[in-house]
Amino acid sequence: MNNLPRHRTVSDVMTTAVHVASEQTPFKRLVELIEDNKISAVPIVDEQGIPIGIVSESDLLLKERRRELESGSSLLHTRRRRQERAKAEGVVAVEIMSTPPITVRSDTTLPQAARLMQERNVRRLVVVDERDKIAGIVSRSDLLQVFLRSDDELRDEVVSAVIPSVLLTGQQAIRVTVRWNVVTLSGEVDRKTDADILMRTIRELDGVVEAIDDLRYRWDDTTAAALRQSSLEGSFTGF
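Sequential numbering of the sequence shown, starting at 1, is according to my numbering.
It is worth saying that the hints were derived from the structure and are not from the lab. Incorrect hints may appear among the rest.
Straight-line distance between alpha carbons at most 25 Å, and here's what the computed DSS-like set of lysine-lysine pairs gives [what the hints assert, rightly or not]: (1) 38 with 63; (2) 38 with 28; (3) 38 with 192; (4) 63 with 28.
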């Protein structure tokens, strides 16, 4: 199955024209960068271009809550409150930014990036190159672009790449339909494992929402394998 389509990576969907700021960038300039460029966050980099933090809209909005954060007290989440108060009082990027930034390499797959975003509860990831310098930024909406692939494109990929890679014969017996990125396979294959591998491979294709299995098979080789295993275990028990 070496001819299977490659999985898309962060480099395929990330934004490379990134607006960055330095540690000493003033608060107002950070607001201007966000507003003028219609972005939601600004990566903060050092003199070598290595990301050291990120300032988001939510970080900047803490300035509006200065009085509340200064006067209020809470026994719960005291560490978080101290951090928010410090950011609200900040006047330059280094005093406002969230650090360290959550970064990924450009060759990170889209599922890996999506998992990291969910695990860390962030809306974006800073992308770095092999020297750890900033190479781009990838957002949740960037990762969702893969689901904008057309039905025709997905069908062509399944017919011309996936099926020939998984099955050696019987390709003509399989019918492929795609609607709203849901792939349905019908027809007949030789073995049940052929159908299982085929459906699993299609579900892992970039842009596939779901794969529906309407395939028939001539031989349930999973049952035969189980019987052989049971027979072997019985033979050993006899010793």
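Comparing the hints with the structure gives:
1. 38 with 63: 20 Å, holds
2. 38 with 28: The hint holds at about 15 Å.
3. 38 with 192: Violated, because 51 Å separates the two Cα atoms, which is more than 25 Å.
4. 63 with 28: Measuring from Cα to Cα gives roughly 11 Å; hence the hint holds.
Hint check: a violation occurs at hint 3 only; the rest are consistent with the structure.
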